[in-house]
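Visitor: Go ahead and model the full structure; you've got the sequences and the hints to work with.
If you want the building blocks of each chain, they are given just below.
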Amino acid sequence: METRADAGVLAPEFLRVTGRRKELADTWTLELEPRAEFPFRPGQFNMVYVFGFGEVAISISGDPAAPGKLVHTVRAVGKLTTALCASKAGAQLGIRGPFGTSWPVDEAAGGDVVLVAGGLGLAPLRPAVYRILAEREKFGRVTLLYGARSPETVLYRAELRRWARAGIDVRVTVDAADARWRGNVGVVTRLIDQAAVTAGATAAFVCGPEIMMRFAVSSLTQRGIPTDRISVSMERNMKCAVGFCGHCQYGPEFICRDGPVFPFRRIEHLFRIREL
Amino acid sequence: MAQSGRREPAPAGDICAHRRCTLGYSFRDATLIPHLALPHPGRTAVRMNATSGHHVLPVSRLGDLFSALRSAGWNLAGPRIRDGAIVYDELETAADLPAGWTDEQAPGKYGLKKRGDGALFGYVVGPHSWKKYLFPPTVRMWSATKTADGMEVEVPQPAAPPTAFIGVRACELAAIAVQDKVFLGSGFVDPVYKARRDNIFLVAVNCGQAGGTCFCSSMNTGPKARGGFDIALTEILEDGHRFLLESGSERGERLVALLAAPAASDADRSAADAAVARAVSMMGRTMETSGVKELLQRNYEHPRWDHVAARCLACTNCTMVCPTCFCSTVEDVPNLSLDRSDHVRTWDSCFTSDFSYIHGGSVRPSVKSRYRQWMVHKLSTWHDQFASSGCVGCGRCITWCPTGIDITEEVREIRASDGANT
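So the sequence lines, in the order shown, correspond to chains A and B.
In terms of my numbering, the first sequence opens at residue 1 and continues consecutively.
In terms of my numbering, the second sequence opens at residue 1 and continues consecutively.
Because the hints were derived from the structure by calculation, they are not lab data.
Do not rely on the hints blindly, as some may be mistaken.
Unchecked claim - Only pairs whose alpha carbons sit at most 30 angstroms apart, straight line, appear in this in silico DSBU-like list of lysine-lysine: (1) B/Lys146 / A/Lys22; (2) A/Lys79 / B/Lys146; (3) B/Lys146 / A/Lys88; (4) B/Lys293 / B/Lys113; (5) B/Lys146 / A/Lys69.
Guide: Next up, the structure:
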């Protein structure tokens, strides 16, 4: 790892919000304009600062091939993220990053890819989808299995259709729906059983609540995908993103630095321990 | 101020310009002066050979060491009595040291009492550690200010007053080395820690006694300082109250030379060895460390965690007094006109429920899981992260635990029923 002693590691740079788009009732996508190009790898995150409120770790959800634009999809949960979601075009947000490990997209080339997302877990996977679509021919069968709570909380709805047309087997399920929903109902692991997920040179990227990831990994391994070919993205409280604050520890791992994306095999022994 | 040591009047035009040098003298060797100093011994010290460093200084001349450091521009910080405890604070002279006092420590207990002699370092470690200087409990990291056309970030130049730490125990040198790995040696560098770390002079004291909660022998960190200091003192009380001086760096050796202290005799050296041996024999606690890393990681579900949770108040005392605990949080403090907000870093503790909060709640809602996080980290996963133990055996967490939880006992109990499951 490169050693960085510059103050920029801990202090943000302010960038202007250039676009704000409502995704769901409580979820917004913000576009920011970096001063220079902002290269990142799919799965990495930034510390996003809102004046007077503080910083929060948010995954980058934009296209890694378009580094002239920085995109974050944020759900308004607490005070900080509510203020963040309320940032209109012209507002300035502090950015530190990008930090962390990334989805092993390049390593997956030549084989099939299964992406399993739960809820807002689709946002950190979107850069991986863009990357795959940019060189679709390099991959075998690509499947995106996405579970949302309800039809109203299906994120990136228009894009899901576009991705389906671009050669991804996109399947969506919701936990609960009324009669107007004609799609799948049930947990996302059921989609794993439905879809043509096979072992072999298949890589799986899984992102969502831990309980969902546990069941998804279990289904995937039952399909014969080894745990070192399954990547998961972990989430913990973070204050610094560089391994100083201690908040994101997960057993021996610092999720900010060693993660957030881990080969499942590396954290398999930790995953079953409650309140770790 | 005592004008001792081998200072020479400065040649014309060679008056030291440092603000603390008011005597019109200059040291022959400017590298003793902090703003011109060599990098700290932790990274670039040249180890002295064993015979070069041993001198002896009568107790009456300890003040000369203090004066020499002060004249060279160092502020002095060291042990003194405040509020019924020996804490680290600014020292003016050697007279500020807790002469004739000792401490009594046991799980959940701390008290001072008179010794009946004039020992200046006749106690062990108190509630403070040197991390309060190197990793300050509260520090402004940066501020954001609204300007006419947006926002501006101001990062303060980290304050790093040149400070000589007086009376650093071997376990504390080990603790500083541990925090060096966290803040300087793990890929990113913390600018606040680095600025302060680069501007200290370390005067170690080898322990002549051990406290009731000490277990540095088990952690292989003490009671004798083996390196990472500029000067190490051993206090000898028998046959003349005096100090054995050992230099651990070039600048330490130069300072000792300035004191013109006579070379130590064999008797001095064996008296110093005896003092350290006495500390070893008095060690209040022991911890079996072999395989402790694996032991704890395979006992995450051990029933002992419930046992300790029933006694733990999650008060965070152990993490505050621990010389290696490094966790922090940040708080944004906007001003009343809402045009400036300070980003302030403060010590934090894994014992609070807020520590692990993510949307939806705390990852570690139970006290059991928080104690387990702290102890497994300290003794086990620390090895994975920083290739060393996070525990130096200073015993503070035992002494300052209001319910007297003893980390050495917890390890012993888990080892005794290795593999038990709830």
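Visitor: Would the pair B/Lys293 and B/Lys113 pass a check requiring their Cα atoms to be no farther apart than 30 angstroms?
Guide: Measuring from Cα to Cα gives roughly 38 angstroms; hence the hint is violated.
Visitor: Mind checking the alpha carbons of B/Lys146 and A/Lys69 for me, to see if they're no more than 30 angstroms apart?
Guide: 23 angstroms, holds
Visitor: Do the alpha carbons of B/Lys146 and A/Lys22 lie within 30 angstroms of each other, as the hint requires?
Guide: Cα-Cα ~27 angstroms, so holds.
Visitor: Is B/Lys146 within 30 angstroms of A/Lys88, Cα to Cα?
Guide: 16 angstroms, holds
Visitor: For the pair supplied as a hint, A/Lys79 and B/Lys146, is the alpha-carbon distance within the 30 angstroms limit?
Guide: 20 angstroms, holds
Comparing the model with each earlier hint shows a violation of hint 4 alone; every other hint is respected.
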